[in-house]
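Peer 1: Here are the chains, one letter per residue:
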Amino acid sequence: MRRLEKALSKACVVGVVVAALGGGSVTTQAQELKKYDSSTKAFWANPPGDWFLGDETQDQKGLVPNAGQPTPTPVAELEKILANVKLPPGFKISIWASGVPQARQMALGSKGTMFVGTFDKGTVHAIVDQGGKKVAKPFITGLRMPTGVAFQDNALYVVDIDKLYKYDDPEANLDKAPQGKVVYDDFPPYVPHGWKYLVPDGKGWFFIPVGVPCNICLPPTSTAQYRRVNPANGAAELVALGVRNSVGGAVDPRTGNLWFSENARDWMSDDMPSDKLNHVTRLGEHFGYPYCHQGDIPDPKYGTERKCSEFTPPVVKLGSHIAPLGMKFYTGSQFPPEYKNGIFIAEHGSWNRKSKIGYRIVFISVDPDGKNPKETVFASGGWLDGQKILGRPADILEAPDGSLLVADDQAGAIYQISYSK
Amino acid sequence: MPAKSSSCFLSAIFLLAALSAADAAPPAPPPKPPAIAVTCVACHGQKGVSPMAGSPSLAAQPDIFLQYQLVFMRDGVRDAGVMKAVVKNLTDENIRDLGAYYAALPPPPPFKATGQVDEQKVAALMKPRRCDSCHKEDFAGQGESARLAGQRPEYLIKALSDYRAGVRRGRGLAAMMEVSVTLRDEDMQMIATYLARQP
Numbered sequence: 001m002r003r004l005e006k007a008l009s010k011a012c013v014v015g016v017v018v019a020a021l022g023g024g025s026v027t028t029q030a031q032e033l034k035k036y037d038s039s040t041k042a043f044w045a046n047p048p049g050d051w052f053l054g055d056e057t058q059d060q061k062g063l064v065p066n067a068g069q070p071t072p073t074p075v076a077e078l079e080k081i082l083a084n085v086k087l088p089p090g091f092k093i094s095i096w097a098s099g100v101p102q103a104r105q106m107a108l109g110s111k112g113t114m115f116v117g118t119f120d121k122g123t124v125h126a127i128v129d130q131g132g133k134k135v136a137k138p139f140i141t142g143l144r145m146p147t148g149v150a151f152q153d154n155a156l157y158v159v160d161i162d163k164l165y166k167y168d169d170p171e172a173n174l175d176k177a178p179q180g181k182v183v184y185d186d187f188p189p190y191v192p193h194g195w196k197y198l199v200p201d202g203k204g205w206f207f208i209p210v211g212v213p214c215n216i217c218l219p220p221t222s223t224a225q226y227r228r229v230n231p232a233n234g235a236a237e238l239v240a241l242g243v244r245n246s247v248g249g250a251v252d253p254r255t256g257n258l259w260f261s262e263n264a265r266d267w268m269s270d271d272m273p274s275d276k277l278n279h280v281t282r283l284g285e286h287f288g289y290p291y292c293h294q295g296d297i298p299d300p301k302y303g304t305e306r307k308c309s310e311f312t313p314p315v316v317k318l319g320s321h322i323a324p325l326g327m328k329f330y331t332g333s334q335f336p337p338e339y340k341n342g343i344f345i346a347e348h349g350s351w352n353r354k355s356k357i358g359y360r361i362v363f364i365s366v367d368p369d370g371k372n373p374k375e376t377v378f379a380s381g382g383w384l385d386g387q388k389i390l391g392r393p394a395d396i397l398e399a400p401d402g403s404l405l406v407a408d409d410q411a412g413a414i415y416q417i418s419y420s421k
Numbered sequence: 001m002p003a004k005s006s007s008c009f010l011s012a013i014f015l016l017a018a019l020s021a022a023d024a025a026p027p028a029p030p031p032k033p034p035a036i037a038v039t040c041v042a043c044h045g046q047k048g049v050s051p052m053a054g055s056p057s058l059a060a061q062p063d064i065f066l067q068y069q070l071v072f073m074r075d076g077v078r079d080a081g082v083m084k085a086v087v088k089n090l091t092d093e094n095i096r097d098l099g100a101y102y103a104a105l106p107p108p109p110p111f112k113a114t115g116q117v118d119e120q121k122v123a124a125l126m127k128p129r130r131c132d133s134c135h136k137e138d139f140a141g142q143g144e145s146a147r148l149a150g151q152r153p154e155y156l157i158k159a160l161s162d163y164r165a166g167v168r169r170g171r172g173l174a175a176m177m178e179v180s181v182t183l184r185d186e187d188m189q190m191i192a193t194y195l196a197r198q199p
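Protein chains in written order, with our numbering: chain Z, 1 to 421; chain C, 1 to 199.
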């Protein structure tokens with residue numbers, strides 16, 4: 001590439017302008033704002049050209065999204081990882097299921113089957129108990145990025161980029177998944193940030209995020225938002241705007257309001273801007289993207305157009321690049337009373353930062369109106385060994401007995417965290 | 001455009017790398033192939049350097065990249081073609097062994113690809129697409145991203161065409177779709193020829 005650098009700088013000197021990309025729509029002036037033409041089919045089939053590779057400085061070169069792990073971590077190594085996970089007194093962590101590659105969102109069936117989404121493996125696993133051992137099998141295959149799953153009214157729901165599928169009575173058909181019915185498909189087909197999460201609203205609908213197909217851009221219409229979707233008839237409404245990329249959320253059992261985790265933009269710096277925990281208190285609230293980050297930092301490019309005071313700030317700044325994904329309110333009674341109605345958040349861990357952070361689970365206690373938030377580290381240590389990634393918490397689920405289940409999409413495992421005096 | 005100053009910076013890095021390489025201990029003995037690797041030799045070559053058109057060289061590919069592709073082909077995520085029968089019974093352990101083995105082999109020598117390469121044109125195609133961000137400055141690849149240097153050109157063209165057509169599944173989907181969708185056939189030809197000739 002050194003020779004290419006020279007060739008290119010020569011090309012610049014003689015005035016040969018690089019215009020090979022995208023039929024002349026690409027500007028050579030870095031400061032000029034981008035325009036999108038969403039009236040063309042090509043626009044919807046392919047992401048715009050300023051996806052996450054587009055903004056790094058020379059100093060940041062070499063930072064790339066984590067490669068993950070192609071095969072699940074064997075049990076003996078998992079035991080070693082868990083031995084290094086630090087928890088508050090009285091809590092312990094153990095392997096609930098191993099051999100669950102790319103484990104993302106979890107959903108528990110009414111008969112005890114655990115359904116688990118994946119990233120680009122395109123599979124939804126079903127985990128069943130076989131003689132006291134949890135065994136994971138591919139249940140649905142051939143999807144693209146079925147990260148989000150939910151179980152409701154004896155049906156499994158799977159969201160796969162631009163489609164919400166319903167699988168009736170899955171636990172009676174574990175040998176062969178029933179044909180999925182598309183119950184909602186009015187999503188853009190972008191792959192970047194197209195992977196989703198399902199948040200049951202408790203009334204039969206789902207809150208569903210629609211991420212932006214870029215790192216930082218003026219988001220195409222119908223992205224950068226949360227919607228509420230009724231799987232019974234395909235009705236949908238806009239719930240929140242200005243949301244960059246959320247892959248986790250939960251409804252507060254005290255109020256019925258949506259809370260969600262949000263991943264902030266990359267390439268600004270190692271320590272800016274912070275990822276967020278947000279609280280939606282009214283329909284159509286705007287959370288700032290792309291104009292304002294973490295409630296108080298104007299974007300270097302878009303920040304001149306709007307003021308931070310126009311937008312809803314986060315309830316908690318969770319830290320830069322920590323990548324908050326799955327989250328749940330704790331409603332059980334196994335844990336000590338101070339955990340009741342607080343929020344557990346899985347931090348998937350950083351890639352766009354020189355020294356890695358995250359790779360842990362935090363606990364947030366907060367009033368129903370968002371006042372008095374207090375963040376504490378709940379589980380940390382084993383998943384990051386120096387700069388080496390051994391595991392990545394991706395989702396959290398409360399088991400019927402009040403213990404916590406944690407999906408790890410790097411090690412390909414589900415852990416159980418339980419408490420006893 | 002900061003190309004000029006960054007190329008000076010890069011030269012310094014390359015120089016340092018060369019110096020430290022000269023000081024390093026003699027190379028490790030060649031890795032021992034796992035038994036399962038006998039099934040790979042006919043198409044991918046004795047030392048992972050492919051003698052067969054359409055069949056990629058595997059030598060010095062990143063461990064994680066190799067493992068992902070084997071998993072995706074085994075599990076039916078990536079359309080495996082002739083590989084389907086070969087990979088269908090691989091265990092996770094086989095896959096980890098194969099990844100480690102091929103990653104440890106010395107890289108293939110530059111491929112004697114025919115065809116004209118205009119380096120200015122190649123640079124104008126590749127720099128804005130930031131190929132080197134993931135595949136590295138020397139195109140040796142890293143993590144989930146393949147080694148491109150020394151790869152057979154017709155295979156590079158197939159891979160790029162598959163990404164462009166949206167039929168290559170698994171890993172890098174978003175990034176590779178974005179960079180390939182605006183490439184014309186003749187662009188791919190020139191990029192592939194350039195990369196194949198790299199050491």
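Hints were generated in silico from the structure; no laboratory data involved. Hints are supplied without guarantee of correctness; some may be wrong.
[Stated by the list, open to error] No more than 30 Å apart at the CA atoms, straight line, and that leaves these computed lysine-lysine pairs for DSSO-like: (1) C:K88 to Z:K134; (2) C:K88 to Z:K133; (3) C:K88 to Z:K61; (4) Z:K163 to Z:K176; (5) C:K158 to Z:K356; (6) Z:K374 to C:K47; (7) Z:K354 to Z:K301.
Peer 1: With reference to the structure, classify each hint as holding or not holding.
Peer 2: Against the structure, the hints:
no., hint, in the structure
1, C:K88 to Z:K134, "holds, 24 Å"
2, C:K88 to Z:K133, "holds, 25 Å"
3, C:K88 to Z:K61, "violated, 38 Å"
4, Z:K163 to Z:K176, "holds, 21 Å"
5, C:K158 to Z:K356, "violated, 36 Å"
6, Z:K374 to C:K47, "violated, 57 Å"
7, Z:K354 to Z:K301, "holds, 23 Å"
Violation of the numbered hints given earlier is confined to hints 3, 5 and 6; the remaining hints are satisfied by the structure.
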